[in-house]
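Let the sequences and hints guide you as you build the complete structure.
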Amino acid sequence: MFLKIFRTKTTLTDTDYLVAYQRTGDLEGLGVLYERHIDMVFAVCFKYLRDEDEAKDGVMQIFEQIITDLKNHEVQNFKSWLHSVARNFCLMQLRQKKIAVGDEGIFENEAYENFVAQSPEKDGWEIEHQLADLGDCMQTLAQEQRQSVELFFFQQLCYQQIADQTGFALSKVKSYLQNGKRNLKLCMEGKRHG
Amino acid sequence: MDKQKRHNHPTTDQLRQYVAGGLSHEEQHQVEKAALQNPQIDDTLEGLIALKETGIDTEATLVELRQRLLGRVEKKDKRLFPFYYASAAAVVLAVGLSWWLVKEQAESPAAVATSSVNKETTEPIEEAAPLSAAVPIPQKKVLKHLK
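Listed in order, the protein sequences are those of chains Y and R. According to my numbering, the stretch in the first sequence is residues 0 to 193, in order. According to my numbering, the stretch in the second sequence is residues 4 to 150, in order.
Simulated from the structure, these hints should not be mistaken for lab results. Please note that the accuracy of each hint is not assured.
Stated by the list, open to error - List time: in silico SDA-like cross-link candidates among lysine to any residue, alpha-carbon distance up to 25 Å:
{"hint": "1", "chain 1": "Y", "residue 1": "K55", "chain 2": "R", "residue 2": "T61"}
{"hint": "2", "chain 1": "Y", "residue 1": "K78", "chain 2": "R", "residue 2": "V22"}
{"hint": "3", "chain 1": "Y", "residue 1": "K55", "chain 2": "R", "residue 2": "R71"}
{"hint": "4", "chain 1": "Y", "residue 1": "K78", "chain 2": "R", "residue 2": "L26"}
{"hint": "5", "chain 1": "Y", "residue 1": "K78", "chain 2": "R", "residue 2": "D60"}
{"hint": "6", "chain 1": "R", "residue 1": "K36", "chain 2": "Y", "residue 2": "A131"}
{"hint": "7", "chain 1": "Y", "residue 1": "K184", "chain 2": "Y", "residue 2": "Q146"}
{"hint": "8", "chain 1": "R", "residue 1": "K36", "chain 2": "Y", "residue 2": "L169"}
{"hint": "9", "chain 1": "Y", "residue 1": "K78", "chain 2": "R", "residue 2": "L96"}
{"hint": "10", "chain 1": "R", "residue 1": "K36", "chain 2": "Y", "residue 2": "E127"}
{"hint": "11", "chain 1": "R", "residue 1": "K36", "chain 2": "Y", "residue 2": "E53"}
{"hint": "12", "chain 1": "R", "residue 1": "K36", "chain 2": "Y", "residue 2": "H36"}
{"hint": "13", "chain 1": "R", "residue 1": "K36", "chain 2": "R", "residue 2": "R19"}
{"hint": "14", "chain 1": "Y", "residue 1": "K184", "chain 2": "Y", "residue 2": "Q154"}
{"hint": "15", "chain 1": "Y", "residue 1": "K173", "chain 2": "R", "residue 2": "L26"}
{"hint": "16", "chain 1": "Y", "residue 1": "K190", "chain 2": "Y", "residue 2": "Q164"}
{"hint": "17", "chain 1": "Y", "residue 1": "K173", "chain 2": "Y", "residue 2": "V148"}
{"hint": "18", "chain 1": "R", "residue 1": "K36", "chain 2": "Y", "residue 2": "M137"}
{"hint": "19", "chain 1": "Y", "residue 1": "K78", "chain 2": "Y", "residue 2": "T10"}
{"hint": "20", "chain 1": "R", "residue 1": "K36", "chain 2": "Y", "residue 2": "L17"}
{"hint": "21", "chain 1": "Y", "residue 1": "K96", "chain 2": "Y", "residue 2": "D50"}
{"hint": "22", "chain 1": "R", "residue 1": "K55", "chain 2": "Y", "residue 2": "E53"}
{"hint": "23", "chain 1": "Y", "residue 1": "K184", "chain 2": "R", "residue 2": "V22"}
{"hint": "24", "chain 1": "Y", "residue 1": "K70", "chain 2": "Y", "residue 2": "A19"}
{"hint": "25", "chain 1": "Y", "residue 1": "K78", "chain 2": "R", "residue 2": "A109"}
{"hint": "26", "chain 1": "R", "residue 1": "K36", "chain 2": "Y", "residue 2": "R145"}
{"hint": "27", "chain 1": "Y", "residue 1": "K70", "chain 2": "R", "residue 2": "K55"}
{"hint": "28", "chain 1": "Y", "residue 1": "K70", "chain 2": "R", "residue 2": "E77"}
{"hint": "29", "chain 1": "Y", "residue 1": "K190", "chain 2": "Y", "residue 2": "Q138"}
{"hint": "30", "chain 1": "Y", "residue 1": "K173", "chain 2": "R", "residue 2": "A23"}
{"hint": "31", "chain 1": "Y", "residue 1": "K171", "chain 2": "R", "residue 2": "I52"}
{"hint": "32", "chain 1": "Y", "residue 1": "K78", "chain 2": "R", "residue 2": "R19"}
{"hint": "33", "chain 1": "Y", "residue 1": "K96", "chain 2": "R", "residue 2": "P42"}
{"hint": "34", "chain 1": "Y", "residue 1": "K70", "chain 2": "Y", "residue 2": "Q138"}
{"hint": "35", "chain 1": "Y", "residue 1": "K55", "chain 2": "R", "residue 2": "I59"}
{"hint": "36", "chain 1": "Y", "residue 1": "K171", "chain 2": "R", "residue 2": "N41"}
{"hint": "37", "chain 1": "Y", "residue 1": "K78", "chain 2": "Y", "residue 2": "A131"}
Right under this line is the structure:
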C-alpha cells in the first residue's frame with residue numbers, strides 16, 4: 000500500500016493509471032492522471048464557455064464524469080478521449096444555456112480532420128493523379144486561400160510569417176487555410192468520383 | 004520515422020510557449036500544423052489564446068484547481084485510512100491477546116494445583132483413591148472363597 004503511494008508517479012504512463020483505476024477504483028491514482036491534463040481541460044473549457052468560473056466548475060464536473068465513465072469505457076488514448084469528454088460536456092452546457100457562440104471554428108476543422116485521417120496510402124500512379132488534381136484544384140481557390148495554402152503547406156511558413164509576407168491580418172490566416180483545405184478536399188473528391 | 008516525427012503532438016507546455024511567443028518560426032509552423040490536424044490541440048491552443056487575451060492568471064487558477072482536485076480525491080482517502088488503521092489495530096490486538104492467553108495457560112499447571120477452587124475437586128479424588136484401593140481386597144477374598 001505505502002510502497003505503491005511513494006512509487007515515482009512520473010514514470011507511470013496514462014495507460015498504467017487507467018488500468019490501475021479500472022482494476023481497483025482507486026481515486027487517488029485517477030486524480031494524479033487527471034492532474035496531468037488539467038491545464039488542457041481548463042483551456043478547452045475556457046475556449047467554449049468563455050467564463051473563468053464556469054470553466055473551473057467544468058473541470059471539476061468533468062472529473063466526476065470520468066470517474067463513472069471510465070468504469071464502462073475502454074480507452075486507448077486517454078488525452079484525446081478526455082478532450083472529447085471535455086468538449087462534449089462544454090457543448091452540452093452551451094446547449095442547455097441556449098447561448099449562441101460566435102465561434103465559427105467549433106466544427107470547422109472536422110472536414111479536414113476526416114480528410115487527413117482517411118487519406119489512405121497511395122501507390123505511385125495514384126499519387127501522380129492526385130498531384131495533378133491538386134494542381135488543378137489549387138487554381139480554383141480564392142487568391143487568399145491559395146496563397147495561404149502554398150505558403151503554409153509548401154513553404155512551411157508560420158501564420159506570423161504569412162501575415163507579414165502577404166499583409167493578411169494574422170487572425171485571418173487560419174480561416175483562409177481552413178477554408179482553402181475544405182475547398183481543396185471537395186474539389187479533389189469531385190475529381191476522384193468523376 | 005520522419006513521418007512519425009512529424010505526427011508528434013506538441014505538449015500543452017509547448018502550446019503555452021507558442022502563446023507566449025517563445026517559439027521559432029519553424030516551431031510555430033509545427034504547432035499550427037498539428038493544430039490544424041488535431042482538434043484536441045486546436046481547442047487547447049484556442050483556449051490558451053483566449054485566456055491570454057482575457058488576461059486571466061492561468062497559473063493561479065491551475066493551482067486552485069489542483070487543490071480542489073486534491074480535496075476531492077482525499078475525501079475518500081480520509082474515510083479509507085481509519086478503516087485500514089482500525090483493522091490493523093484489531094489484528095494486532097487479537098494476536099496479542101491470543102499470545103497472552105497461550106502464555107498464561109502454559110504457565111498455569113502449578114497454579115491450578117494450588118488454587119483454592121481446585122482443592123475441592125482434588126479432595127474427593129483423594130478420598131476415592133483409598134476406596135478404590137480397598138475394593139480389590141474383598142474381591143480377592145471372594146475369589147479365595149470361590150476356590
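Check whether the Cα positions of K173 of chain Y and L26 of chain R lie no farther apart than 25 Å. holds, 18 Å
Proposed proximity, T10 of chain Y with K78 of chain Y (alpha carbon, max 25 Å): Holds. K78 of chain Y to T10 of chain Y sits at ~17 Å (cutoff 25 Å).
Satisfaction of hint between I52 of chain R and K171 of chain Y, Cα-Cα up to 25 Å: holds, 15 Å
Against the 25 Å threshold, does the CA-CA distance of K55 of chain Y and I59 of chain R hold or violate the hint? Cα-Cα ~12 Å, so holds.
Is the hinted pair K36 of chain R and E53 of chain Y satisfied, with a Cα-Cα distance of at most 25 Å? violated, 30 Å
Would the pair K70 of chain Y and Q138 of chain Y pass a check requiring their Cα atoms to be no farther apart than 25 Å? At roughly 51 Å apart (the allowed maximum being 25 Å), Q138 of chain Y and K70 of chain Y break the hint.
Starting from K78 of chain Y, check that the Cα of A131 of chain Y is at most 25 Å away, please. violated, 38 Å
25 Å Cα cutoff - pair K78 of chain Y, L96 of chain R: violated, 47 Å
Is it true that the CA of K173 of chain Y sits at most 25 Å from the CA of V148 of chain Y? holds, 10 Å
Is the hinted pair K55 of chain Y and R71 of chain R satisfied, with a Cα-Cα distance of at most 25 Å? Holds: K55 of chain Y and R71 of chain R sit about 10 Å apart, inside 25 Å.
For the pair we were handed, K36 of chain R and L169 of chain Y, check the Cα-Cα distance against 25 Å. holds, 15 Å
Is the Cα-Cα distance between K171 of chain Y and N41 of chain R 25 Å or less? Holds - the C-alpha atoms of N41 of chain R and K171 of chain Y are around 19 Å apart, at most 25 Å.
Hint violations for this structure: numbers 9, 11, 16, 20, 23, 25, 27, 34 and 37, all remaining hints satisfied.
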